[in-house]
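2 protein chains.
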Amino acid sequence: MKNLIPILVLLLFLVSCISKSPTLTEQSKSETDPLPNWSEGSSKSVILDFITKTTTFGNAGFLPESDRIAVFDNDGTLWSEQPMYFQLAYAIDFIKKESTNHPEWKKTEPFKSLLEDDIKHVMEGGEKALVEIIMASHAGMTSEDFQKSVSDWLDSATHPKTGKPYNQMIYQPMVELLEYLRANGYKTFIVSGGGIDFMRVWAEKAYAIPPYQVIGSSIKSKYEIVDGEPVIIKLPELNFFDDKGGKPIGIHQHIGKRPVLAVGNSDGDYEMLQYVTAGEGPRLGMLIHHTDSIREYAYDRNSHIGKLSKGLDDAAQNQWLIVDMKSDWKNVFNIK
Amino acid sequence: MKNLIPILVLLLFLVSCISKSPTLTEQSKSETDPLPNWSEGSSKSVILDFITKTTTFGNAGFLPESDRIAVFDNDGTLWSEQPMYFQLAYAIDFIKKESTNHPEWKKTEPFKSLLEDDIKHVMEGGEKALVEIIMASHAGMTSEDFQKSVSDWLDSATHPKTGKPYNQMIYQPMVELLEYLRANGYKTFIVSGGGIDFMRVWAEKAYAIPPYQVIGSSIKSKYEIVDGEPVIIKLPELNFFDDKGGKPIGIHQHIGKRPVLAVGNSDGDYEMLQYVTAGEGPRLGMLIHHTDSIREYAYDRNSHIGKLSKGLDDAAQNQWLIVDMKSDWKNVFNIK
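Just so you know, the sequences run in chain order P and V.
Going left to right, the first sequence walks through residues 1 to 336 as this note's numbering numbers them.
Going left to right, the second sequence walks through residues 1001 to 1336 as this note's numbering numbers them.
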């Protein structure tokens, strides 16, 4: 009996240790801010409340994991899009490099203006010129060759304002939001007007979004055996334009289910937010408003790139959250 | 000092308990067969060896989780496809039900033969007739209406041979393989000639494959606001035919990365297996050979549905595994 006393004391001590020790999850919840680069305020509260509401079992807004689908535009929403879409910068560099093999480009628009560095004139050609340039930077290549070409470009090209590689110009607050959503059982998808294969080269490293969760514009391709090797060859023909009303179609084709959260930054994202937020149950639509001319760029209603006008007009009525980049984000980039 | 002895004894006992107790994973590995409906033999060994090799850190064939992508045909690979593709059975029932609203169908093929129950004549119309029938069973509906229509059909229609709902006629050994791959960090995708939206209605429940991991043939659609509600409306125009050389294209469009494991059952899967197994590193191509006329169906070279001829000819040279349904599978279905 006497010998049992220290054993009982030890057992009580062990039980008390176990019951007092907080789990790792509890510790993280109380001590760590999941969105450290979002300033305290109503935007951050709306986001955190939505995630808590949809992931707390028993809450009226609770969603099973299979319904936790969030979609994000890319250009101007996850990374910068000024002074021109980064994919256009890639395509221009590619076309200049390849121009010796294409003497006809010197005589035909939009290539002529491009080779003469008259980017303003190129942009006046609108969507049609943009698509032609993007297609010329793909066509005839195998999918592997294209990946390598983009990857090599990212290793060497730098942004004219920051002098940093383009794939460092991603928004740190958005990376945090993507991570926090995934930690709460959400699947995160990109739904961008940009080229699907262009984004897939670097999106996994930048955002931890795998290639099969990237949706974008695409050109047609064909399957062929070349020198005994099966390859995918890119063709100079538009397959799908993932912008405006194309975004809900792209979502339907690739995801097959209406997401519950959508984030964009321009009127090209209007229909995506409209489609997502019109569904039943809890919904959240967000627009990133570029208000920070010092740390990034300030533009909206009159911008050629990323024009945001109708979205601003209708945000209140649609109950969409407008994120003010200048006041809502503590840091914009996490540039090394 | 005397009091410390029982404490030390207790501590030794606790340490010995902890070190001896097998973890749950070890227990499962030693006591549970992950593929209970696969007979012991070379097919099962090849599959288990491939999964072990690609998921054992330090092994020459080890793959990071981001590369563990497996693709599966559906009709004849994950569920039955006889005596006709199940989606055709759905479309026939739909067209018969809708025929009063379409008097023109009585005069035009392939609808005329279909309404006269002359399915043999319908099938003689080949791919073109099939596509017309499938499209007629979608067009003009919203994506939600179509989902409901398929779901209602599955609740009432039964297979002519077994008398069971079509979505119970899934192959239990394949369900086990899908589960075991996922337990080992693989992502599982369907890549089928069947309709993408038809499969998405029931694939998550049947195979635990979410809608965004289903790839299939599709018709075009448009985004519209109807009575104030944003909807996706299906159009009577083919968007993508996910068969033969279309399968690698569908994989490239949706996954954006070459998978390492592909399973099919017909020559329509030839290019998918060719594309997947030609990549570098460890690869596995498998063809399900329908050899069981008693428990399922026996067919290959001369079948109109699921013809398998070139695949059988080239399997050895391509190092593809031929799974013999009769001898390799202990049970075919898990019918309730």
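One or more hints might be untrue.
[Claimed, not checked] Straight-line C-alpha distance at most 30 angstroms; calculated DSSO-like pairs for lysine-lysine:
no.	chain 1	residue 1	chain 2	residue 2
1	V	Lys1097	V	Lys1187
2	V	Lys1112	P	Lys257
3	P	Lys187	P	Lys244
4	V	Lys1097	P	Lys244
5	P	Lys222	P	Lys53
6	P	Lys128	V	Lys1097
[Unchecked claim] Beyond 10 angstroms from chain V on every Cβ pair, some chain P residues (computed):
no.	residue
7	Arg182
8	Lys187
9	Gly256
Simulated from the structure, these hints should not be mistaken for laboratory data.
All residues carry an ideal CB built from backbone N, CA and C; glycine is no exception.
Going down the list of hints, with the structure as the test:
1. With a C-alpha separation of about 39 angstroms, the suggested pairing of Lys1097/V with Lys1187/V is violated against the 30 angstroms cut-off.
2. Annotation: proposed proximity of Lys1112/V to Lys257/P is violated, straight-line Cα distance about 35 angstroms (limit 30 angstroms).
3. For the hint pairing Lys187/P with Lys244/P, the CA-to-CA distance comes to about 22 angstroms; that is within 30 angstroms, so the pair holds.
4. Annotation: proposed proximity of Lys1097/V to Lys244/P is violated, straight-line Cα distance about 36 angstroms (limit 30 angstroms).
5. Between Lys222/P and Lys53/P the alpha-carbon distance is near 45 angstroms, which puts this suggested pair outside the 30 angstroms criterion.
6. For the suggested pair Lys128/P and Lys1097/V, the alpha carbons sit about 45 angstroms apart, so the restraint of at most 30 angstroms is broken.
7. Every beta carbon of chain V lies more than 10 angstroms from that of Arg182/P, the smallest distance being close to 14 angstroms; the non-interface claim holds.
8. The claim that Lys187/P lies off the interface is violated: its Cβ sits roughly 7 angstroms from the closest Cβ of chain V, which falls inside the 10 angstroms cut-off.
9. With a closest Cβ-Cβ approach of about 3 angstroms to chain V, Gly256/P is found to fall inside the 10 angstroms limit, against its non-interface label.
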